[in-house]
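Peer 1: What follows is the residue order along each chain.
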Amino acid sequence: MIKFINVSKRYNKDIIALSNISFEIESGEFVFIVGPSGAGKSTLIKLLLKEEEPTSGSIVINKKDITKLKKREIPYLRRSMGVVFQDFRLLPNKTVFENVAFAMEVVGASPKEIRRRVPMVLSLVGLSDKADKYPRQLSGGEQQRVSLARAIVNEPSILIADEPTGNLDPDTSWEIVKLISEINKRGTTVVMATHAKDIVDAMKKRVIALEKGNIVRDEARGAYGYAL
Amino acid sequence: MDMLFRNLKYFLKEGFSNLARNRLMTIASITSVMAAMLILGLFLVIILNVNSLTNQVESQLELKAFLKDNISEQQVTQIGNDIKKIPGVTSVVFESKEEALRKFKQQLGDKSYLAEGLEKDNPLPQSYIVKVKDAGLMKDISNEIKQINGVDKVSYGQDVVDKLLGIIKIIRIVGLSIIFILFIISIVIISNTIKLGVFARRREINIMKYIGATDWFIRWPFLIEGVVLGLVGALLSVALLVLIYGYVLDIINNKLIVFQLLPLEKIVGDILVYFSVIGAIIGALGSGLSIKRFLNV
Numbered sequence: 001m002i003k004f005i006n007v008s009k010r011y012n013k014d015i016i017a018l019s020n021i022s023f024e025i026e027s028g029e030f031v032f033i034v035g036p037s038g039a040g041k042s043t044l045i046k047l048l049l050k051e052e053e054p055t056s057g058s059i060v061i062n063k064k065d066i067t068k069l070k071k072r073e074i075p076y077l078r079r080s081m082g083v084v085f086q087d088f089r090l091l092p093n094k095t096v097f098e099n100v101a102f103a104m105e106v107v108g109a110s111p112k113e114i115r116r117r118v119p120m121v122l123s124l125v126g127l128s129d130k131a132d133k134y135p136r137q138l139s140g141g142e143q144q145r146v147s148l149a150r151a152i153v154n155e156p157s158i159l160i161a162d163e164p165t166g167n168l169d170p171d172t173s174w175e176i177v178k179l180i181s182e183i184n185k186r187g188t189t190v191v192m193a194t195h196a197k198d199i200v201d202a203m204k205k206r207v208i209a210l211e212k213g214n215i216v217r218d219e220a221r222g223a224y225g226y227a228l
Numbered sequence: 001m002d003m004l005f006r007n008l009k010y011f012l013k014e015g016f017s018n019l020a021r022n023r024l025m026t027i028a029s030i031t032s033v034m035a036a037m038l039i040l041g042l043f044l045v046i047i048l049n050v051n052s053l054t055n056q057v058e059s060q061l062e063l064k065a066f067l068k069d070n071i072s073e074q075q076v077t078q079i080g081n082d083i084k085k086i087p088g089v090t091s092v093v094f095e096s097k098e099e100a101l102r103k104f105k106q107q108l109g110d111k112s113y114l115a116e117g118l119e120k121d122n123p124l125p126q127s128y129i130v131k132v133k134d135a136g137l138m139k140d141i142s143n144e145i146k147q148i149n150g151v152d153k154v155s156y157g158q159d160v161v162d163k164l165l166g167i168i169k170i171i172r173i174v175g176l177s178i179i180f181i182l183f184i185i186s187i188v189i190i191s192n193t194i195k196l197g198v199f200a201r202r203r204e205i206n207i208m209k210y211i212g213a214t215d216w217f218i219r220w221p222f223l224i225e226g227v228v229l230g231l232v233g234a235l236l237s238v239a240l241l242v243l244i245y246g247y248v249l250d251i252i253n254n255k256l257i258v259f260q261l262l263p264l265e266k267i268v269g270d271i272l273v274y275f276s277v278i279g280a281i282i283g284a285l286g287s288g289l290s291i292k293r294f295l296n297v
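Protein chains in written order, with our numbering: chain A, 1 to 228; chain B, 1 to 297.
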């Protein structure tokens with residue numbers, strides 16, 4: 001499903017963000033990417049989203065080498081992935097419903113499909129009663145749930161979460177992780193970069209640990225493994 | 001097809017609702033388009049008038065080919081035909097000795113008695129009065145006529161025409177440069193104003209990119225917005241221009257006798273069409289340029 005083959009990323013020649021890393025993620029897996037700040041987690045996510053190009057190596061997603069993708073093909077790559085960020089990135093002047101519907105409008109869904117899918121996804125994330133609220137009227141956890149709903153509404157095969165609990169308190173964080181886990185059980189591959197030790201330790205999922213641009217650990221049922 | 005139509009509906013809805021949502025920006029953009037194009041328009045009107053004025057002057061210019069006295073009538077006709085064949089000549093009118101004398105007397109007015117008695121031994125030469133298409137051709141044509149057998153000499157007031165041509169040329173060059181500069185300035189002002197709007201929505205663009213929107217999907221609403229801004233600004237500037245020009249016409253045309261300013265009806269149509277097109281292009285170009293930077297995510 002996702003394959004990194006000898007991938008390196010260098011900025012300005014001497015700053016090495018990722019050095020010659022290789023790994024493979026199977027369809028339906030749930031993988032944590034952990035490591036201290038500056039270890040290369042963000043770079044890895046950016047490479048997945050083709051926001052940046054690797055300096056060398058190749059990245060294969062859904063059997064396609066995305067480093068060879070043309071610029072105009074990038075949108076279609078991104079449609080196969082749902083993304084959730086630490087800062088939610090919702091549109092402030094659209095309601096919850098509109099924010100989720102927006103992701104469907106972008107890919108050209110019909111109004112009929114939109115009216116059918118959006119309420120379904122909103123109920124999945126437990127926000128059916130907040131459909132008409134604006135993001136500023138919601139708590140942080142609720143906003144992240146909207147952003148999750150938006151990420152999965154087009155039924156992507158991969159969900160990428162970049163520090164999704166970074167701005168949330170522990171209880172709320174757990175709610176979000178449970179939701180992500182729920183999405184994973186429905187067959188979506190999940191890649192989650194995180195700092196949250198408790199969550200990683202409790203979930204007992206595969207952990208890929210990065211340090212100074214290298215993979216220092218890749219365990220099937222791993223733990224966070226760093227002192228806080 | 002269905003999707004295309006749906007997208008079009010989305011683009012229009014999005015474009016117009018953005019205009020309504022960012023009301024202040026909309027007003028600022030329209031005002032700057034209007035101001036820039038009003039100045040552009042004022043200069044354009046001046047240039048158009050200078051052009052029509054020089055055309056009027058040019059069409060009044062004529063040269064006179066004086067014929068030798070001792071030539072046959074057949075030769076006179078032949079010379080007339082030869083002149084007509086010269087490229088650039090628009091009309092050739094023969095003036096006989098008698099006519100020349102009559103005109104001379106007319107010019108003398110109440111002193112016409114001075115010319116009394118000249119009829120018997122008329123000293124004035126017969127001539128051809130030649131009009132040409134373009135004042136710039138006068139020198140060449142006059143030289144060519146001089147070559148024709150039986151032509152005594154040619155006159156067209158070299159000094160005056162040459163000076164006039166020089167002035168006209170300068171006015172045209174200066175005017176066109178000013179229009180060109182103003183056009184560039186308009187584009188810069190408009191693209192900057194729209195850039196502010198795009199900048200305010202860079203977050204939205206960023207999110208769209210992550211969701212997997214194509215560049216054109218993101219671009220269209222902004223282009224529609226730009227075209228609407230440019231078009232409305234341009235139309236307002238035309239309206240103002242018509243008001244101002246009408247006012248100026250009222251004042252000036254009563255005083256100027258020699259040259260008439262172009263009538264309002266004659267320029268409004270052209271300017272309306274040109275400005276609508278230019279405004280739309282400037283708007284689209286401005287927003288297209290402004291959004292380019294934010295699409296590279």
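Among the hints, a few may not be true.
[Unchecked claim] Below, a list of computed lysine-lysine pairs in the PhoX-like style, where the Cα atoms sit at most 25 Å apart: (1) Lys68/B with Lys13/B; (2) Lys70/A with Lys111/B; (3) Lys255/B with Lys266/B; (4) Lys71/A with Lys13/A; (5) Lys64/B with Lys97/B; (6) Lys3/A with Lys64/A; (7) Lys120/B with Lys139/B; (8) Lys131/B with Lys146/B; (9) Lys169/B with Lys94/A; (10) Lys105/B with Lys133/B; (11) Lys84/B with Lys64/B; (12) Lys112/A with Lys85/B; (13) Lys146/B with Lys64/B; (14) Lys71/A with Lys195/B; (15) Lys133/B with Lys71/A; (16) Lys94/A with Lys70/A; (17) Lys9/B with Lys64/B; (18) Lys120/B with Lys103/B; (19) Lys94/A with Lys84/B; (20) Lys97/B with Lys68/A; (21) Lys139/B with Lys64/B; (22) Lys169/B with Lys13/B; (23) Lys46/A with Lys292/B; (24) Lys68/A with Lys133/A; (25) Lys255/B with Lys133/B; (26) Lys131/B with Lys153/B; (27) Lys133/A with Lys13/B; (28) Lys46/A with Lys63/A; (29) Lys195/B with Lys94/A; (30) Lys112/A with Lys13/B.
Don't read these hints as lab results, they were simulated from the structure.
Peer 1: Each of the hints needs a verdict: does it hold here or not?
Peer 2: Evaluated hints:
With a C-alpha separation of about 81 Å, the suggested pair Lys68/B and Lys13/B falls outside the 25 Å cut-off, and the hint is violated. Between Lys70/A and Lys111/B, the direct Cα distance comes to roughly 92 Å. Violation of the 25 Å bound is thereby established for this hinted pair. Restraint check for Lys255/B and Lys266/B: satisfied, since their Cα atoms lie roughly 20 Å apart, inside the 25 Å limit. For the suggested pair Lys71/A and Lys13/A, the alpha carbons sit about 24 Å apart, so the restraint of at most 25 Å is met.
Restraint check for Lys64/B and Lys97/B: satisfied, since their Cα atoms lie roughly 13 Å apart, inside the 25 Å limit. Distance restraint check for Lys3/A and Lys64/A: the Cα-Cα separation of roughly 10 Å lies within the 25 Å cut-off, and the hinted pair is therefore satisfied. The hinted pair formed by Lys120/B and Lys139/B fails the criterion: a straight-line CA distance of about 35 Å is larger than 25 Å. Between Lys131/B and Lys146/B, the direct Cα distance comes to roughly 15 Å. Compliance with the 25 Å bound is thereby established for this hinted pair.
This hinted pair does not check out: Lys169/B and Lys94/A have alpha carbons roughly 59 Å apart, beyond 25 Å. Distance hint between Lys105/B and Lys133/B is unfulfilled; the C-alpha atoms sit about 30 Å from each other, more than 25 Å. Using a Cα cut-off of 25 Å, the hinted pair Lys84/B and Lys64/B holds, with the two alpha carbons roughly 13 Å apart. Of the supplied pair hints, the one linking Lys112/A and Lys85/B is violated, its CA atoms being roughly 77 Å apart against a limit of 25 Å.
A hinted pair counts as satisfied when its Cα atoms are at most 25 Å apart, and Lys146/B with Lys64/B qualifies at roughly 11 Å. Straight-line distance between C-alpha atoms of Lys71/A and Lys195/B comes to about 23 Å, which keeps the hinted pair within the 25 Å bound. Under the criterion of a C-alpha separation no larger than 25 Å, the hint pairing Lys133/B with Lys71/A is inconsistent with the structure, at around 57 Å. Only pairs whose Cα atoms come within 25 Å are accepted, and Lys94/A paired with Lys70/A is rejected, the gap being roughly 32 Å.
For a cut-off of 25 Å, the pair hint linking Lys9/B to Lys64/B is broken: about 69 Å separates their Cα positions. For the hint pairing Lys120/B with Lys103/B, the CA-to-CA distance comes to about 16 Å; that is within 25 Å, so the pair holds. Proximity of Lys94/A to Lys84/B is assessed by CA-CA distance (about 77 Å); at most 25 Å being required, the pair is judged violated. Among the hinted pairs, Lys97/B with Lys68/A is inconsistent with the structure: their alpha-carbon atoms are about 90 Å apart, more than 25 Å.
Straight-line distance between C-alpha atoms of Lys139/B and Lys64/B comes to about 12 Å, which keeps the hinted pair within the 25 Å bound. Our distance criterion of 25 Å between C-alpha atoms is broken by Lys169/B and Lys13/B, whose separation comes to about 50 Å. As the CA atoms of Lys46/A and Lys292/B are separated by approximately 21 Å, the hinted pair is consistent with the 25 Å bound. Distance check on the hinted pair: Lys68/A and Lys133/A sit about 42 Å apart at the alpha-carbon level, beyond 25 Å; violated.
Our distance criterion of 25 Å between C-alpha atoms is broken by Lys255/B and Lys133/B, whose separation comes to about 29 Å. Among the hinted pairs, Lys131/B with Lys153/B is consistent with the structure: their alpha-carbon atoms are about 16 Å apart, no more than 25 Å. Of the pairs offered as hints, the one joining Lys133/A and Lys13/B holds, with about 21 Å between alpha carbons and a cut-off of 25 Å not exceeded. With a C-alpha separation of about 19 Å, the suggested pair Lys46/A and Lys63/A falls inside the 25 Å cut-off, and the hint holds.
Distance check on the hinted pair: Lys195/B and Lys94/A sit about 22 Å apart at the alpha-carbon level, within 25 Å; holds. Taking the CA atoms of Lys112/A and Lys13/B, the gap is near 18 Å; set against the 25 Å cutoff, the hint holds.
The structure is inconsistent with the numbered hints 1, 2, 7, 9, 10, 12, 15, 16, 17, 19, 20, 22, 24, 25, although it conforms to all the rest.
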